[in-house]
Amino acid sequence: MPLYRDEAIVLRTHKLGEADRIITMLTRGRGRVRAVAKGVRRTKSRFGSRLEPGMVVDVQCYEGRNLDTVTQVETLAPYGDAIARDYTSYTAATAMLETALQLAEDLEPQTQQFLLLAGALRSLAERNHDPGLVLDAYLVRAVAVAGWAPSFHDCAKCGAPGPHRAFNVQAGGAVCSVCRPPGSSAPAPETFGLLSALLSGDWEVAAASDPRHRRQASGLVAAFVQWHLERGVRSLRLVDRG
Amino acid sequence: MYEGAVQDLIDELGRLPGVGPKSAQRIAFHLLQADAEDVTRLVTALTEVKAKVRFCEECGNVAQGERCRICADPRRDHSAICVVEEPKDVVAIERTREFRGTYHVLGGAISPIDGIGPDDLRVRELMQRLAGGEVQEVIIATDPNLEGEATATYLSRLLRTTVPDLAVTRLASGLPVGGDLEYADEVTLGRAFEGRRRVDA
Ligand SMILES: [Zn+2]
Ligand SMILES: [Zn+2]
Chain A
1 MPLYRDEAIV
11 LRTHKLGEAD
21 RIITMLTRGR
31 GRVRAVAKGV
41 RRTKSRFGSR
51 LEPGMVVDVQ
61 CYEGRNLDTV
71 TQVETLAPYG
81 DAIARDYTSY
91 TAATAMLETA
101 LQLAEDLEPQ
111 TQQFLLLAGA
121 LRSLAERNHD
131 PGLVLDAYLV
141 RAVAVAGWAP
151 SFHDCAKCGA
161 PGPHRAFNVQ
171 AGGAVCSVCR
181 PPGSSAPAPE
191 TFGLLSALLS
201 GDWEVAAASD
211 PRHRRQASGL
221 VAAFVQWHLE
231 RGVRSLRLVD
241 RG
Chain B
1 MYEGAVQDLI
11 DELGRLPGVG
21 PKSAQRIAFH
31 LLQADAEDVT
41 RLVTALTEVK
51 AKVRFCEECG
61 NVAQGERCRI
71 CADPRRDHSA
81 ICVVEEPKDV
91 VAIERTREFR
101 GTYHVLGGAI
111 SPIDGIGPDD
121 LRVRELMQRL
131 AGGEVQEVII
141 ATDPNLEGEA
151 TATYLSRLLR
161 TTVPDLAVTR
171 LASGLPVGGD
181 LEYADEVTLG
191 RAFEGRRRVD
201 A
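Those sequence lines, one after another, are chains A and B. Following full-length UniProt numbering, the numbering of the first sequence begins with 1 at its first residue and continues without gaps. Following full-length UniProt numbering, the numbering of the second sequence begins with 1 at its first residue and continues without gaps.
Chain B with its partners taken away, still in its complex shape:
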């Protein structure tokens, strides 16, 4: 235990995700030795993020205004929605430059063991967006793990029954590019087989 302010800082840092007691201590002492200017910049960034950043009323992504940059952009294809778990997934898909539609951020995945069911995610908001009739395709891009898969299963069942004309697709979960086939695990390889596509001559 350290005295007063140092210990308070270590405690606060230790509450951040992925930061254990050792890392908290390391960051605290790094900050103690850093230039006052650098620390001020960090403090300003922290204050600004809480004051200015909100969540887009339409898709739930982080936004500076009522709507995020993507929802507000008329050049985006508003007939396609890509459903993701977190705002960081939007960033990852945007980096591919493959998708020109809009997003819907659920705010997590269904995880009954953590007490998170469909009602705790932004599923109702998604259904409201579909009620307008403009949307033709929903692409489900939840994480390729069990909770993400189960969330996709739940959503596709719900969409199939309530909006029968909608095209619902799921990201293919394939083999990592740059890897050797023999090193792929059996679940990934099995799913890649399932998602195989026809090679046009």
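If we strip away everything but chain A, and leave its shape as in the complex, we get:
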């Protein structure tokens, strides 16, 4: 049976039988992988703590017919452990992991998604920025990497240079007064500014933003993500916004 080794972020785990777990991971080289980790729920297991959600690991597995099996794990960064000590960060991280789970494809290299998620988890673990901003920045960039880059300045339909007043999820972001479909919303200009800052990674602008505009931006980002992801992101509802 062929063995492989890759860097991976643990996205989700499921109990299997008495003491095993199925681990769903985002690997750098082969996309989404599901593998069985045997005996990890026994307290004596050396693997257990390394294969929890949000952990970045160096993993070795052998390929199986349906499921692969984990044979070795080394921790690269125990972000999950640090994140779980702050409830707001934990709920933000869970929403990121679920989004990554839905965006990732099996057996396709996912270097960009991998680096984006690892960076966002690191930011939560090290408490670099407000967890809500880290989550929203991750979400807009993750959908952008997946090929649905939103526009927060120029018109998403005709390309007319912005700023514009209206926002439409289905159209792809900002829309000019000519293209504006019925049912578009009209967020504050500062909200557009914040969304652009999140997409480009301008943390100075993002950190200076007002709570009111953060709330508005979060709502638009969530609507955008839910629109593009077929199954929706369940854990977004339970994000602790403080």
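Some hints could be false.
[To be verified] In silico EDC-like links for lysine to aspartate or glutamate, alpha-carbon gap of 20 Å or less:
no., chain 1, residue 1, chain 2, residue 2
1, A, 15, B, 114
2, B, 88, B, 98
3, B, 22, B, 8
4, B, 88, A, 18
5, A, 38, A, 74
6, A, 15, B, 85
7, A, 15, B, 89
8, A, 38, A, 20
9, A, 38, A, 18
10, A, 38, B, 120
11, A, 15, B, 143
12, B, 52, B, 66
[As the list claims (entries may be wrong)] Covered stretches of chain B, going by a simulated chain A footprint (3 or more residues, C-beta under 8 Å):
no., region
13, 113-124
14, 153-166
Read the hints as simulated data drawn from the structure, not as lab findings. Just so you know, even glycine gets a beta-carbon here, dropped at the ideal spot from N, CA and C.
Given the structure of chain A, go ahead and fit chain B with the ligands onto it with the hints provided.
Chain B with the ligands in isolation, oriented as in the chain A frame:
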């Protein structure tokens, strides 16, 4: 696929947690070959458990009456509550004989990805028990995994802000007894370091 009743049994067994299609088939054929008496005993046990067992109105543990054996016992220390995820955790802690207080069973851990938030657990019931003022200490004994840790984080934040005088503790997550230090993983070893205690001379 088997015929009628056998397949029905395999399907039902396969819906149990931790039982895959292969195990379901094995158990079904074991039952087919077993004595009729043994099967009747199993059937009675299954029927009785649904008919008689309820959940304790106070702590949420499995009980035969309105309150469980532990909540109804006046010799237990009712000023201390140990919060656990499942009834099986109560059994595990009882086996240690270390704890003489009462329990509170949450019914799981916070897991947003499964759609389970604080409102889906017995958190409100815990707060109601604390409102009486009799309870002095809450020991959080959720599972030593990420969901258990996050649930503990949520509870301690809630308890700290709403009941400031309450002593809130968390089980130390330490090294497995009987193991070698060099084999401990880094997260467990890190937590054991964090939870180190002073050695009295
Ligand atoms: Zn336009
Ligand atoms: Zn009880």
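Hint check:
| no. | hint | result |
| --- | --- | --- |
| 1 | 15/A - 114/B | holds (13 Å) |
| 2 | 88/B - 98/B | holds (16 Å) |
| 3 | 22/B - 8/B | holds (14 Å) |
| 4 | 88/B - 18/A | holds (14 Å) |
| 5 | 38/A - 74/A | holds (15 Å) |
| 6 | 15/A - 85/B | holds (15 Å) |
| 7 | 15/A - 89/B | holds (17 Å) |
| 8 | 38/A - 20/A | holds (5 Å) |
| 9 | 38/A - 18/A | holds (10 Å) |
| 10 | 38/A - 120/B | violated (30 Å) |
| 11 | 15/A - 143/B | holds (14 Å) |
| 12 | 52/B - 66/B | holds (11 Å) |
| 13 | 113-124 | holds (count 4) |
| 14 | 153-166 | holds (count 3) |
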